[in-house]
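Residue numbers (UniProt numbering), protein chains in the order written: chain A, 1 to 204; chain B, 1 to 204; chain C, 1 to 204.
Hints should not be assumed to be uniformly reliable.
Stated by the list, open to error - Capping the alpha-carbon separation at 27 Å, the derived lysine-lysine pairs in DSSO-like fashion look like this:
(1) LYS147(B) with LYS27(A)
(2) LYS27(B) with LYS61(C)
(3) LYS26(B) with LYS147(B)
(4) LYS147(C) with LYS26(C)
(5) LYS61(C) with LYS61(A)
Hints in this document: simulated from the structure, not taken from any laboratory.
These are the residues of each chain, in order.
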Amino acid sequence: MNLLDFADYAGTFAFAVSGTLSASEKKLDLFGASFIGFITAVGGGTMRDLLMGNTPVTWVKNVDYFLLIFSAIIFTFIFFKRVIKLKHTLFLFDTIGIGVFTIIGIDKALIYDLSAPICMVMGLSSAVVGGVIRDTLCNDVPLIFHKEIYATACIVGGTIYLLLDFFNVNLYFSQIATITSIIIIRLLAVKYNLSLPKVTFAQK
Amino acid sequence: MNLLDFADYAGTFAFAVSGTLSASEKKLDLFGASFIGFITAVGGGTMRDLLMGNTPVTWVKNVDYFLLIFSAIIFTFIFFKRVIKLKHTLFLFDTIGIGVFTIIGIDKALIYDLSAPICMVMGLSSAVVGGVIRDTLCNDVPLIFHKEIYATACIVGGTIYLLLDFFNVNLYFSQIATITSIIIIRLLAVKYNLSLPKVTFAQK
Amino acid sequence: MNLLDFADYAGTFAFAVSGTLSASEKKLDLFGASFIGFITAVGGGTMRDLLMGNTPVTWVKNVDYFLLIFSAIIFTFIFFKRVIKLKHTLFLFDTIGIGVFTIIGIDKALIYDLSAPICMVMGLSSAVVGGVIRDTLCNDVPLIFHKEIYATACIVGGTIYLLLDFFNVNLYFSQIATITSIIIIRLLAVKYNLSLPKVTFAQK
Numbered sequence: 001m002n003l004l005d006f007a008d009y010a011g012t013f014a015f016a017v018s019g020t021l022s023a024s025e026k027k028l029d030l031f032g033a034s035f036i037g038f039i040t041a042v043g044g045g046t047m048r049d050l051l052m053g054n055t056p057v058t059w060v061k062n063v064d065y066f067l068l069i070f071s072a073i074i075f076t077f078i079f080f081k082r083v084i085k086l087k088h089t090l091f092l093f094d095t096i097g098i099g100v101f102t103i104i105g106i107d108k109a110l111i112y113d114l115s116a117p118i119c120m121v122m123g124l125s126s127a128v129v130g131g132v133i134r135d136t137l138c139n140d141v142p143l144i145f146h147k148e149i150y151a152t153a154c155i156v157g158g159t160i161y162l163l164l165d166f167f168n169v170n171l172y173f174s175q176i177a178t179i180t181s182i183i184i185i186r187l188l189a190v191k192y193n194l195s196l197p198k199v200t201f202a203q204k
Numbered sequence: 001m002n003l004l005d006f007a008d009y010a011g012t013f014a015f016a017v018s019g020t021l022s023a024s025e026k027k028l029d030l031f032g033a034s035f036i037g038f039i040t041a042v043g044g045g046t047m048r049d050l051l052m053g054n055t056p057v058t059w060v061k062n063v064d065y066f067l068l069i070f071s072a073i074i075f076t077f078i079f080f081k082r083v084i085k086l087k088h089t090l091f092l093f094d095t096i097g098i099g100v101f102t103i104i105g106i107d108k109a110l111i112y113d114l115s116a117p118i119c120m121v122m123g124l125s126s127a128v129v130g131g132v133i134r135d136t137l138c139n140d141v142p143l144i145f146h147k148e149i150y151a152t153a154c155i156v157g158g159t160i161y162l163l164l165d166f167f168n169v170n171l172y173f174s175q176i177a178t179i180t181s182i183i184i185i186r187l188l189a190v191k192y193n194l195s196l197p198k199v200t201f202a203q204k
Numbered sequence: 001m002n003l004l005d006f007a008d009y010a011g012t013f014a015f016a017v018s019g020t021l022s023a024s025e026k027k028l029d030l031f032g033a034s035f036i037g038f039i040t041a042v043g044g045g046t047m048r049d050l051l052m053g054n055t056p057v058t059w060v061k062n063v064d065y066f067l068l069i070f071s072a073i074i075f076t077f078i079f080f081k082r083v084i085k086l087k088h089t090l091f092l093f094d095t096i097g098i099g100v101f102t103i104i105g106i107d108k109a110l111i112y113d114l115s116a117p118i119c120m121v122m123g124l125s126s127a128v129v130g131g132v133i134r135d136t137l138c139n140d141v142p143l144i145f146h147k148e149i150y151a152t153a154c155i156v157g158g159t160i161y162l163l164l165d166f167f168n169v170n171l172y173f174s175q176i177a178t179i180t181s182i183i184i185i186r187l188l189a190v191k192y193n194l195s196l197p198k199v200t201f202a203q204k
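Start from the sequences, fold in the hints, and give me the full structure.
Shown next as structure tokens:
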């Protein structure tokens, strides 16, 4: 198993845990929390695969994802008190997750020979759509639409990755540079409480 | 038309009626109620077909579903007072519906030679995703995430079906055993007001 | 570029602008507003393509849509004060948009040799689903479910188009008759404040 695969699994695990945890604030039952945990973890990749026509989608073909996510959900239910204390570790895994999901999304789009902007959209979809679906199902306006530099980190990282790919830079170096830049941007954003400007022009 | 087809149509009809009725609590207009009725009936099967790449999806290929659902919606608009009185019949049809949708979802997944857990997810998708979309569009947290043993009945029934399939039990017997178990679990759950434990561990 | 293509681009532009503007009422940030603008513009066509299995979906294959939408979003951010004053122009573009999206959806469905009711659903999907997703993500019950003759205009226009197609009427004439009828119905509806009757039968 190479580093990217490991990071993919770590990110999937973190997404499933964070989805399951967020469901608990909505007083969902065991099934509801599991459903949200599952869809948070697979939502982004599913959207990407559907848009490109890569079906059956990844997690339907490869049962490993289901087993990993299912374990993450059970793990959250059993060790919830410890899981909550692990929030810094989870945050790190989650950030590694969005980095690696961005790369995987772009890689799959490059295989389909899509244009650079669309590759970027596919990378971004992979990273953020799971969270968008999670929040929508929980009846909230998606968090990433109004808080934190989350998508922005993916966009910057994705741009770096596409540029390095364009100049044929060594793949491992590109991957590490991309993930590192995404992690740094997000850490700085959280530390200094940075966010994008709000859009408030309509007085209809 | 065999029994499973009949149950499929009865379930689709019940889902369309219940979707149309639920829309009325949200002060939707005729189009809004029809849209919700339609998507409640086809949403689960559509999600399953999309995930597996079985496109055009079933109701796009086979116009019978559209005609049946359209009739159910018109029927609900015309006979709404009687329809509301028929709620026990509707509940029964709805329960037959989730049973047969679970079986159909699993059968389609078995054709694609998917692993047992994924077959289960496909069965569950077919049965519950229509209701999840209905509630999300109506701006509610999906009912099955916090109330009633609904998905649980499908999971138990689906497990029975997959086990009987594994041991090569006669198909008709398997189908009847599965639907019967789903109906019994749901009736008992409603009668004794059973529900899954709530998830309330996060005090973030 | 023929007239239909021009109308397609004008409609896409108008949808992206209106999506971006509507996001501003929800205090979204630049990314959130862009995401909503994008999905409002491509949501309907994406749903239609996915349901029919026409993948990769149109905007993934043809980067022109992305560039056009991206320009519309930037344009809205820069010239928002003027854009808001242009609301009559935008309304006209939007109405041309739903007209042409209905026609494009039906045309694509006819290529797949689908039945007339399903062609209609595909035309309607193309025209209205983007707005449904926009409102759902913004945590509102979709506007077209309870206000204005919007979908109705598409349904009447689509019926005219399918009838004229059935009788082999000249294509250009059909397209113009369809779009004109959709525009007239919507203008009349807005002018005289017409709407569909509300559905209010359930007193559960």
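Each hint tested on the structure:
1. With a C-alpha separation of about 10 Å, the suggested pair LYS147(B) and LYS27(A) falls inside the 27 Å cut-off, and the hint holds.
2. In summary, the hint linking LYS27(B) to LYS61(C) is not supported, as the alpha carbons are separated by about 40 Å, beyond the 27 Å threshold.
3. For the given pair, LYS26(B) sits about 20 Å from LYS147(B) by alpha-carbon distance, which is consistent with the 27 Å threshold.
4. Restraint check for LYS147(C) and LYS26(C): satisfied, since their Cα atoms lie roughly 20 Å apart, inside the 27 Å limit.
5. A hinted pair counts as satisfied when its Cα atoms are at most 27 Å apart, and LYS61(C) with LYS61(A) qualifies at roughly 24 Å.
The earlier numbered hint that this structure contradicts is number 2, and it is the only one.
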